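With the hints as constraints, model all of the structure from the sequences given.
The listed protein sequences derive, respectively, from chains A and B.
Mapping to the working numbering: the first sequence position 117 is 117, numbers consecutive.
Going from the second sequence to the working numbering is simple: count from 1 and add 1000.
Just so you know, the hints here were simulated from the structure itself, not pulled from any lab data.
Just to be clear, a hint being listed does not mean it is correct.
In silico DSBU-like pairs for lysine-lysine, Cα to Cα no more than 35 Å straight-line [stated by the list, open to error]:
(1) A:Lys170 <-> A:Lys158
(2) A:Lys31 <-> A:Lys170
(3) B:Lys1038 <-> A:Lys170
(4) A:Lys472 <-> A:Lys31
(5) A:Lys495 <-> A:Lys158
(6) A:Lys464 <-> A:Lys452
(7) A:Lys464 <-> B:Lys1121
(8) B:Lys1121 <-> A:Lys495
(9) A:Lys158 <-> A:Lys31
(10) A:Lys158 <-> B:Lys1121
(11) A:Lys389 <-> A:Lys31
(12) A:Lys31 <-> B:Lys1120
(13) B:Lys1059 <-> A:Lys158
(14) A:Lys31 <-> B:Lys1121
(15) A:Lys472 <-> A:Lys170
(16) B:Lys1059 <-> A:Lys31
(17) B:Lys1120 <-> A:Lys158
Chain A side only, calculated, beta carbon under 8 Å to chain B, not exhaustive [stated by the list, open to error]:
(18) Met20
(19) Leu21
(20) Leu24
(21) Ile229
Away from chain A, derived, C-beta distances all over 12 Å, residues of chain B [stated by the list, open to error]:
(22) Met1010
(23) Leu1022
(24) Cys1044
(25) Gly1045
(26) His1051
(27) Ala1054
(28) Lys1059
(29) Tyr1061
(30) Ala1064
(31) Trp1080
(32) Val1082
The model shown is predicted, which means the values in this text are computed figures rather than measured ones.
Just so it is clear, CB atoms sit at the ideal spot from N, CA and C, and this is done for glycine as well.
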Amino acid sequence: MNLTLLLPEIIVIVGGLAVMLRDLWLPADRKDGLWAWALAVPLIALAATFLPQLDVAARISVDGAMIVNPEATALSGSFYLDGMSMLLKRAFCVAAALVILMSREYLSELNRGQGEFWSLALFALSGMFFCASANDFMSLFVALEVVTVSFFVLVAFKRSSGTSIEAGLKLLVMGSLSAALMLYGIAFVYGASGTVFFDQVVVNGEVTRTGLRDLLATGQLVYSTELLIGVMLIFLGLGFKTSAVPLHVWVPDVYQGAPTPVTAYLSVGSKLAGFVLMLRVLEVFSRSGPMVDSLTPFLALVAAVTLFYGNLGALPQSNIKRLLGYSSIGQCGYILLGIASAWTVGISGTLFYMTAYVVTNLAAFAVVILVSRATNSHEIDDYSGLGRKNPLLAAALTVALLSLAGVPPFIGFFGKFMLIGSTFGSDELRWLGLVGMVNVVIALYYYLCVIKRIYMREERHPAKSVVPLRLKVVLAISMAALVIGGIAPQFLADKTAEIAEELQFAPRPRGGEHR
Amino acid sequence: MNDYLPVLFMALFGVLFATAALGVSALLGQRGRQNRVKNTPYECGMPIESHAHARFSVKFYIVAMLFILFDVEVVFMYPWAVSFGNSDFARDAFPGTGLLLAEAAAFVVVLFLGWVYVVKKGVLEWHQEA
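In structure tokens:
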């Protein structure tokens, strides 16, 4: 038991509660200052993730076999700290900090509920942290619901706006459905295996609980239809969070209706929480041949349909938030390419792309917030002439969209390159790589349509966007990350490759040679 | 697959029972005379005061919700108390019972902060116009 490992989580939860209570005793005219309190929390948590006490080897070698280091677990094994959870926690901290910087302007328009907004954003962050560290199906479920329940409220935060309430309700209904599917899947897995734990926990040489991974390794648990159905249902439930087909229909409506900073948070935070859990669950089963044989076609099909749905659906959109919603479904498809390939290089690409996606998408949403404050509209037509009005803002949006489209030299290009490349290692997934490439071309079209409006049309709204310092900081940070990550991707790629090595995925692509 | 047969039978029985109960009462039940008074919803034998779609103050819902919230959260104290009293279990599951106590304390503190929030927001003050 090692409670120090929980320090970032404790900081975020205590910080969230502190912001909630601070708000109660602040006079109404001073509530604007609360954002600084809220911003401090993810920054302190980010600093805490770099503490040497948290730098524990995730796996140790016992009798020649690599097993989970008990020193890296807490809460009797339910909490696990490895390279992947550390990387994701840092990404979540950056995402939360950037979203808090973006939200301040939006919140000053509301006359009430500032404290609740900040504390809910922080509670969602704590749920994401626990997602990154979940080591059994129960903590997976609870952590994910902490994120989702916070987002139910955040999405419906604009109480006077019908679309915001509608978005919240849609998220609630679809979220409950997906949670039920996931629980059903967990029940199947438990029925087939008799355990909900991923790894066994050894205390003083004695096994205190058995884990799925160990049951699979020793052959006590073998492939069965129940197990497969269970895992597929869990993937469907997680697919809701990551906006994968078939539980994707809420995405465009909720993205459009929710307050824009919340959409930004939803599109990176909730999504990455789902992806990290997908990786965790897949990792547990990745060394069982028959399970992988059955899961790979399933995940590949989901990835292909998600790619086509997102990218084709984005083509006719005239609202930028809807467009980004469909684009986020498409991006989910790319990340699923790496997950479906399920070997070390694909997982490394997945982690790379997930990290890159945070800054890229947040940059795009920051510009959307600024433009809509000046024009009071989210129509893409109202972006006409932005290049002449606000050259810097237009450049930022262009860079973000090009990075989302996967144009070099920005960070998104290398992510897509790694993801699509990983599918070509395997003979049976090569078609998926081709689907990915076709979709890059489709996506390029609608991203370029926005850019064309920015630079080649006459302006419709003379109102210039005023960029407050906070959003300048957001744009500066994300642009720096996009460009530096694109020019020198090796730093992040080395890190994700190291993390992927640590995870228990197959070192070679299925049915193919390492190239 | 044989393990799941009882589940199938249970489901079949459920469907059959529901249809049988409805069908039999439709077949055998006497159609009594119907009139306006007889068709009104039963309200303690009194004549009906108002329409059922009346508006309540939202405070009723908030108080009911808070009751359920705190009630359900306190229910978690019972299994905790049992396993805390059962020292063998506590020692096996959590080396060091001090931690078990601290975890419950953290839970209660968070509950208490929720209560502070509710009181400070004035949810329990009924005389104010919301």
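Each hint, compared with the structure:
1. Restraint check for Lys170 of chain A and Lys158 of chain A: satisfied, since their Cα atoms lie roughly 15 Å apart, inside the 35 Å limit.
2. The suggested pairing of Lys31 of chain A with Lys170 of chain A holds, with an alpha-carbon distance near 31 Å, which does not exceed 35 Å.
3. The hinted pair formed by Lys1038 of chain B and Lys170 of chain A fails the criterion: a straight-line CA distance of about 40 Å is larger than 35 Å.
4. Restraint check for Lys472 of chain A and Lys31 of chain A: the C-alpha separation of about 22 Å stays at or below 35 Å, so the hint holds.
5. Pair hint Lys495 of chain A plus Lys158 of chain A does not hold up; C-alpha atoms about 40 Å apart against a cutoff of 35 Å.
6. Proposed proximity of Lys464 of chain A and Lys452 of chain A is supported: the alpha carbons are some 19 Å apart, at most 35 Å.
7. Pair hint Lys464 of chain A plus Lys1121 of chain B does not hold up; C-alpha atoms about 40 Å apart against a cutoff of 35 Å.
8. Restraint check for Lys1121 of chain B and Lys495 of chain A: not satisfied, since their Cα atoms lie roughly 47 Å apart, outside the 35 Å limit.
9. A hinted pair counts as satisfied when its Cα atoms are at most 35 Å apart, and Lys158 of chain A with Lys31 of chain A qualifies at roughly 18 Å.
10. Under the criterion of a C-alpha separation no larger than 35 Å, the hint pairing Lys158 of chain A with Lys1121 of chain B is consistent with the structure, at around 19 Å.
11. Annotation: proposed proximity of Lys389 of chain A to Lys31 of chain A holds, straight-line Cα distance about 33 Å (limit 35 Å).
12. Simply put, Lys31 of chain A and Lys1120 of chain B have alpha-carbon atoms about 16 Å apart, close enough for the 35 Å limit, and the pair holds.
13. With a C-alpha separation of about 21 Å, the suggested pair Lys1059 of chain B and Lys158 of chain A falls inside the 35 Å cut-off, and the hint holds.
14. In summary, the hint linking Lys31 of chain A to Lys1121 of chain B is supported, as the alpha carbons are separated by about 15 Å, within the 35 Å threshold.
15. At most 35 Å may separate the alpha-carbon atoms for a hinted pair to count; Lys472 of chain A and Lys170 of chain A meet this at roughly 33 Å.
16. Between Lys1059 of chain B and Lys31 of chain A the alpha-carbon distance is near 26 Å, which keeps this suggested pair within the 35 Å criterion.
17. Taking the CA atoms of Lys1120 of chain B and Lys158 of chain A, the gap is about 22 Å. The hint holds against a cut of 35 Å.
18. Given the 8 Å rule on beta carbons, the hint for Met20 of chain A holds: about 6 Å separates it from the nearest Cβ of chain B.
19. Annotation: interface hint on Leu21 of chain A holds; nearest CB of chain B at approximately 7 Å, less than 8 Å.
20. Below 8 Å, beta-carbon pairs count as interface contacts, and Leu24 of chain A has one with chain B at about 4 Å; its hint therefore holds.
21. The beta carbon of Ile229 of chain A comes no nearer than 12 Å to any beta carbon in chain B, farther than 8 Å, and the hint placing it at the interface is violated.
22. For Met1010 of chain B, the non-interface assignment is confirmed: its Cβ lies about 16 Å from the closest Cβ of chain A, beyond the 12 Å cut-off.
23. The claim that Leu1022 of chain B is not at the interface with chain A holds, since no C-beta of that chain comes within 12 Å of its own (minimum 27 Å).
24. For Cys1044 of chain B, the condition that its CB be more than 12 Å from all CB atoms of chain A holds, with the nearest at approximately 36 Å.
25. With a least CB separation of 39 Å from chain A, Gly1045 of chain B remains clear of the 12 Å interface cut-off, as annotated.
26. Every CB of chain A is more than 12 Å from the CB of His1051 of chain B (nearest about 26 Å), matching its label as outside the interface.
27. The claim that Ala1054 of chain B is not at the interface with chain A holds, since no C-beta of that chain comes within 12 Å of its own (minimum 23 Å).
28. Even its closest Cβ contact with chain A, about 17 Å, leaves Lys1059 of chain B beyond 12 Å, as expected for a residue assigned away from the interface.
29. With a least CB separation of 16 Å from chain A, Tyr1061 of chain B remains clear of the 12 Å interface cut-off, as annotated.
30. Chain A leaves Ala1064 of chain B outside its interface by the beta-carbon criterion, the shortest separation being 19 Å against a cut-off of 12 Å.
31. Remark: the non-interface label on Trp1080 of chain B is consistent with the geometry, its nearest Cβ contact in chain A lying 14 Å away (cut-off 12 Å).
32. Taking the minimum C-beta to C-beta distance to chain A, about 17 Å, the non-interface status of Val1082 of chain B holds against the 12 Å cut.
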